[in-house]
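S.K.: Chain by chain, the residues run as shown.
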Amino acid sequence: MASTDSTAEHSAPGRVKAIAQSRAIWPLLALALILIVAGFISPNFYEIRIVEGRLFGNLIDILYRAVPTALVALGMAVVIGTRGIDLSVGSIIAIVGAVIVWRIKMGDPHVTILFTALAAGILCGMWNGFLVAALGIQPIIATLILMVSGRGIGMLINLLYGGTDPSFESAFLQGLSTGSIWLIPTRLVLAAGIFLALWLLIRRTALGLFVESVGGNAAASNLAGVNARVIVFVAYVLCGLLSAWAGIIMTADTHTSDPVSVALYIELDAILAVVIGGGSLAGGRIYLGMTVIGALVIQALTTATLISGLPPEYNLIIKALVVLSVLFLQSANARNAIRGLVSRKPS
Amino acid sequence: MIRKFALAGAALAATTFMSGTALAQTIGFSQVGSEGDWRPAFSANMQESAKEYGVDLKFANAQGKQEEQLRAVRAFIAQGVDAIIIAPVVVTGWDQVLREAKEAEIPVFLVDRDVDVEDKSLYVTRISADFNLEGKLAGAWLAAESLGDCKVVELQGTTGSAPAIERKGGFEAVLDQFPAMEIVASQSGDFTTDGGKKVMEAFIKSTNNLEGICASFAHNDNMQLGAIQAMKEAGLKPGEDVLMVSVDYVPAIKDALDAGEANASVELRSAVGEFIYPVVLDYLKNPTELDKWIVIPGDLHTAD
Amino acid sequence: MNASAGPAARVEMHAIGKSFPGVRALSGVDLTLYPGEIHALLGENGAGKSTLIKILTGALDRDAGEIRLDGEPVDFRSTGEAQTSGISTVYQEVNLIPAMSVTKNLALGPSDGAFGIISWRKARAAARQKLARLNLDIDIEQPVGTFSVAVQQLVAIAHALDDDTSVLVLDEPTASLDAQETATLFSILRDLKSRGMAIVFITHFLDQVYEISDRISVLRNGGLVGTGLASDISRQELISMMIGRELGEVEATFAHKASEEKGTEKLVARGIGRKRTLEPFDLTLHAGEVVGLAGLLGSGRTELTKLVLGAIRADSGTLEVGGKDVGRNTPRQSLESGIAFCPEDRKAEGLVGDLSIRENIMLSMQAKNGWLRRVPRKQQERLASEMIDALAIATPDAEKPVRQLSGGNQQKVVLARALASKPEILLLDEPTRGIDVGAHAEIIMLIRRLCEDGMALLVASSELDEIVAASDRVAVMRDRRKIGEIAGEDIKRDNIIRMIAGEDGGQH
Chain A
0 MASTDSTAEH
10 SAPGRVKAIA
20 QSRAIWPLLA
30 LALILIVAGF
40 ISPNFYEIRI
50 VEGRLFGNLI
60 DILYRAVPTA
70 LVALGMAVVI
80 GTRGIDLSVG
90 SIIAIVGAVI
100 VWRIKMGDPH
110 VTILFTALAA
120 GILCGMWNGF
130 LVAALGIQPI
140 IATLILMVSG
150 RGIGMLINLL
160 YGGTDPSFES
170 AFLQGLSTGS
180 IWLIPTRLVL
190 AAGIFLALWL
200 LIRRTALGLF
210 VESVGGNAAA
220 SNLAGVNARV
230 IVFVAYVLCG
240 LLSAWAGIIM
250 TADTHTSDPV
260 SVALYIELDA
270 ILAVVIGGGS
280 LAGGRIYLGM
290 TVIGALVIQA
300 LTTATLISGL
310 PPEYNLIIKA
320 LVVLSVLFLQ
330 SANARNAIRG
340 LVSRKPS
Chain B
0 MIRKFALAGA
10 ALAATTFMSG
20 TALAQTIGFS
30 QVGSEGDWRP
40 AFSANMQESA
50 KEYGVDLKFA
60 NAQGKQEEQL
70 RAVRAFIAQG
80 VDAIIIAPVV
90 VTGWDQVLRE
100 AKEAEIPVFL
110 VDRDVDVEDK
120 SLYVTRISAD
130 FNLEGKLAGA
140 WLAAESLGDC
150 KVVELQGTTG
160 SAPAIERKGG
170 FEAVLDQFPA
180 MEIVASQSGD
190 FTTDGGKKVM
200 EAFIKSTNNL
210 EGICASFAHN
220 DNMQLGAIQA
230 MKEAGLKPGE
240 DVLMVSVDYV
250 PAIKDALDAG
260 EANASVELRS
270 AVGEFIYPVV
280 LDYLKNPTEL
290 DKWIVIPGDL
300 HTAD
Chain C
0 MNASAGPAAR
10 VEMHAIGKSF
20 PGVRALSGVD
30 LTLYPGEIHA
40 LLGENGAGKS
50 TLIKILTGAL
60 DRDAGEIRLD
70 GEPVDFRSTG
80 EAQTSGISTV
90 YQEVNLIPAM
100 SVTKNLALGP
110 SDGAFGIISW
120 RKARAAARQK
130 LARLNLDIDI
140 EQPVGTFSVA
150 VQQLVAIAHA
160 LDDDTSVLVL
170 DEPTASLDAQ
180 ETATLFSILR
190 DLKSRGMAIV
200 FITHFLDQVY
210 EISDRISVLR
220 NGGLVGTGLA
230 SDISRQELIS
240 MMIGRELGEV
250 EATFAHKASE
260 EKGTEKLVAR
270 GIGRKRTLEP
280 FDLTLHAGEV
290 VGLAGLLGSG
300 RTELTKLVLG
310 AIRADSGTLE
320 VGGKDVGRNT
330 PRQSLESGIA
340 FCPEDRKAEG
350 LVGDLSIREN
360 IMLSMQAKNG
370 WLRRVPRKQQ
380 ERLASEMIDA
390 LAIATPDAEK
400 PVRQLSGGNQ
410 QKVVLARALA
420 SKPEILLLDE
430 PTRGIDVGAH
440 AEIIMLIRRL
450 CEDGMALLVA
460 SSELDEIVAA
470 SDRVAVMRDR
480 RKIGEIAGED
490 IKRDNIIRMI
500 AGEDGGQH
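Residue numbers (numbering that gives the first Met the number 0), protein chains in the order written: chain A, 0 to 346; chain B, 0 to 303; chain C, 0 to 507.
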């Protein structure tokens with residue numbers, strides 16, 4: 000950031016240009032625009048009150064609801080960084096939910112269940128990582144296997160152990176999902192902690208550099224002494240772990256396991272969040288912070304259309320349009336084309 | 000060949016023994032698949048109650064594919080079953096195979112979804128619940144409970160799905176009769192608990208804590224259960240502050256009704272064998288023209 | 000332009016020049032093709048063969064020079080235009096669709112039918128006619144993929160040929176053929192030649208050059224070294240043209256070390272090899288010694304370095320590094336035991352283009368450190384700027400994505416990465432490929448400096464001068480086999496050339 004300032008020489012147009020060229024600006028601008036439009040639609044949109052001992056309002060809702068998608072998207076960002084993709088994240092969430100209900104019905108202590116659920120996610124990630132890194136199956140095919148079978152596995156666990164009514168009560172798990180600490184929803188605190196841990200892992204160890212080098216050029220990384228297979232494997236395990244956290248939060252939120260429809264299409268939202276955050280499916284870069292912004296853009300859009308009163312048929316179209324325009328503005332080609340049009344006019 | 004005969008003989012002996020009638024009827028049933036909670040329960044009930052009615056049921060799961068279903072129906076025709084029951088995967092593309100069944104003089108009954116054929120005489124009748132009626136029942140209960148004065152928030156099913164369209168239609172048809180009743184917000188919760196919870200959370204904010212809202216109508220119980228959670232988390236009392244009415248009558252909503260957090264649920268029966276088999280068996284005994292749609296009633300359940 | 004004896008030239012390329020950003024690919028190259036001749040075009044990787052061919056066939060524009068076809072100046076703007084004028088090309092990778100039938104493959108591409116509409120009856124007839132030109136009798140309804148590579152190659156040639164074809168360019172047509180298949184191809188080429196076609200044959204198999212070609216042209220570093228009748232050029236002369244300058248030119252710039260001055264044994268390979276890749280070989284690298292690896296293209300230079308590194312898995316032999324048996328190593332284990340490697344193909348195997356210069360330089364060192372012990376950012380920046388200064392990498396700062404650098408600077412980044420890992424053994428595959436003369440000399444000097452500091456280096460190169468100038472010992476490769484070593488005062492171009500040509504038994 001400091002280097003762009005010095006080249007722009009503090010001149011206003013130079014700075015504007017530098018900002019316009021930064022990838023970060025467009026998702027943030029989109030987020031701001033959505034929030035502004037929502038404010039016009041619903042005058043009390045920005046209102047934040049204290050209800051039942053926690054902060055309450057649309058803005059809190061957006062943060063609150065974005066947590067599962069953001070967690071999955073962070074895992075996806077790492078996987079996409081290796082030039083991979085994980086389609087099975089929704090299925091991992093379904094499995095985690097079924098495992099939670101199963102262990103609760105078995106009477107495990109709820110803290111143990113938390114770790115069992117995380118272990119289930121890690122196991123799923125190891126399976127994906129094994130297929131991609133050890134067997135060399137293309138990521139989209141490898142993770143498709145768990146994507147297709149995972150919800151079935153969840154249903155099977157429910158069928159065998161969950162009984163007819165796979166719902167439960169757990170003060171501990173629900174506390175993690177829907178409780179609050181000093182007015183702040185617990186899941187926001189939890190998500191911030193997980194984000195920080197992941198950031199430290201990626202940016203304060205060499206893992207981030209290795210993931211980006213493997214995603215950028217696996218052959219070169221290998222010859223330079225990076226064990227590309229291990230790095231790819233670790234990326235999928237991380238994605239499984241983060242999906243498990245999302246699964247715990249979502250399952251505790253509704254106190255029930257619903258493998259058929261829980262987190263349906265969350266993989267698409269997660270990929271979208273990564274892409275809105277400036278990531279490329281060609282791999283080679285991880286933007287953790289911007290991925291969270293991407294998830295917030297998606298959730299702000301969903302919340303805004305829900306309160307807008309528009310018939311639900313329009314929701315998906317509006318979402319598509321907003322996403323399209325963000326991606327359009329991010330594309331260097333499109334920006335150059337627009338610049339070309341604008342600069343040609345005066346002459 | 001010998002094995003087949005042996006099997007048929009055993010089946011014959013078993014059914015004869017159980018039903019006490021001279022000869023069991025063989026009926027082929029082509030089911031859509033095993034998605035969701037309701038359909039497997041429906042399949043299980045069809046198979047169990049077949050024994051009670053002395054029916055030799057040949058069950059075929061189409062796994063959501065029409066071509067699988069067409070193959071199953073043709074297999075039934077080839078086997079020369081006495082009647083065929085179809086729960087269609089899709090509404091179109093049935094003319095040809097139904098004509099084949101008619102030529103083989105095998106009567107066809109539809110359950111659950113409808114088919115779109117030019118010649119209605121290709122099937123005997125459709126025996127199914129009426130989604131529209133379910134919506135009307137919910138609307139009528141609400142009209143009675145609120146004395147015709149109520150602002151409603153609606154949790155729709157998956158956008159464009161038949162139950163969502165029909166239940167909404169039936170519900171609105173009743174509301175149109177009452178000038179003081181209206182739907183003030185309606186969004187899709189995709190038939191899921193999570194979806195219902197998210198939509199209700201948004202409604203709570205957009206209506207200033209459901210101020211002036213007297214009822215929540217959900218196209219299924221799962222969404223209503225999510226809505227109940229959202230309201231409780233916002234410090235509201237579902238069932239007291241707001242009337243809660245939904246469709247399906249799943250086990251979890253019974254608990255909510257008992258706890259006073261839900262007020263009414265219209266039952267979508269999965270135990271429909273007792274409605275379907277008598278119609279089919281009567282027709283086989285005495286083939287007369289039937290109405291093209293026989294409605295399986297959905298009872299409305301309340302707390303008491 | 001007096002007509003010489005014999006027929007008039009079909010193609011005359013004169014003073015062809017071509018530059019790419021940062022690279023002079025061709026300059027002042029002449030090439031003349033006569034009807035009824037097979038003309039071999041030789042040169043190492045990067046010599047300019049494919050650039051010259053692409054200019055001839057319209058795939059690339061030329062910067063300078065002229066092309067005459069039957070005496071008329073021509074200026075092809077696309078391969079289609081060249082094809083219409085009778086110049087067809089078959090590329091190294093067979094450009095056919097394996098799952099499609101022969102007929103369909105032959106109907107694709109240049110066809111005289113209306114756009115998009117194909118009459119299969121006509122297509123079949125045309126396919127049969129095309130195959131008949133090559134005396135090829137196969138079932139044209141079978142998918143191309145079901146035939147042998149040789150037949151596929153012939154189908155590709157049939158695809159390229161039509162009635163008007165007068166010049167046929169074959170880029171490494173025999174690379175994946177066995178002896179029998181090559182013989183079949185050659186008999187067809189002779190037949191085409193007898194019908195007056197001019198054939199350009201690019202290969203790196205010298206035996207085949209002498210077997211089939213009438214004339215030979217050799218390119219090196221973008222320039223034409225010479226053209227002559229195959230019968231006039233000895234094998235030794237040919238090798239000299241390809242990888243060395245004329246004998247008696249500049250001598251080595253330093254005194255080769257005598258064998259008794261050798262340092263400790265750093266790396267000992269015994270019987271390392273892999274079936275169908277490289278015959279088992281023995282090799283020892285000493286501290287403070289540069290071992291050159293000489294041989295023609297395809298002789299196994301790259302394979303040898305990669306076997307030592309472990310990037311190609313050996314199926315025989317043992318490897319000792321620093322006195323310890325390391326068994327079947329991987330690049331990662333090699334790095335830990337002090338081996339660093341600079342690959343030949345910078346873009347595909349060397350650099351991570353989107354990462355910065357700093358990150359690229361850091362990569363091996365960080366991999367050696369392990370993922371947990373991240374080198375702090377300050378230290379990274381210091382190291383990167385040290386390397387940028389030491390190797391004179393031309394860049395405004397270390398954060399520039401490495402793909403934006405010129406070829407020479409990219410090569411220096413690859414070298415910097417290897418050096419940053421503090422190796423005791425350095426394997427360099429073509430360290431001066433595609434870089435300008437100034438950078439070339441710098442890198443040779445750097446190699447000598449590292450050697451003086453006690454490092455053991457293995458330098459594979461297609462430039463004989465480079466090998467002679469830098470090496471204390473030279474390992475010579477031929478036909479995927481290490482055929483011998485030359486040490487000390489015997490390191491001379493003619494000695495190496497003689498050895499590669501096989502006119503002198505290797506002295507172990």
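Hints were generated in silico from the structure; no laboratory data involved.
Some hints could be false.
As the list claims (entries may be wrong) - Okay, derived cross-link-like pairs now, DSS-like style, lysine-lysine, Cα gap no bigger than 27 Å in a straight line:
no., chain 1, residue 1, chain 2, residue 2
1, B, K135, B, K291
2, A, K104, B, K231
3, B, K291, B, K236
4, B, K253, A, K318
5, C, K121, C, K53
6, A, K104, B, K291
S.K.: Would you mind marking each hint as holding or not holding in the structure?
M.R.: Verification of the hints:
1. B:K135 with B:K291: 21 Å, holds
2. A:K104 with B:K231: Distance ~24 Å between K104 (chain A) and K231 (chain B) Cα, so the pair holds.
3. B:K291 with B:K236: Violated, because 44 Å separates the two Cα atoms, which is more than 27 Å.
4. B:K253 with A:K318: With Cα atoms ~37 Å apart, K253 (chain B) and K318 (chain A) exceed 27 Å; violated.
5. C:K121 with C:K53: Answer violated: K121 (chain C) to K53 (chain C) is near 32 Å, above 27 Å.
6. A:K104 with B:K291: The given pair, whose Cα atoms are some 47 Å apart, is violated under the 27 Å limit.
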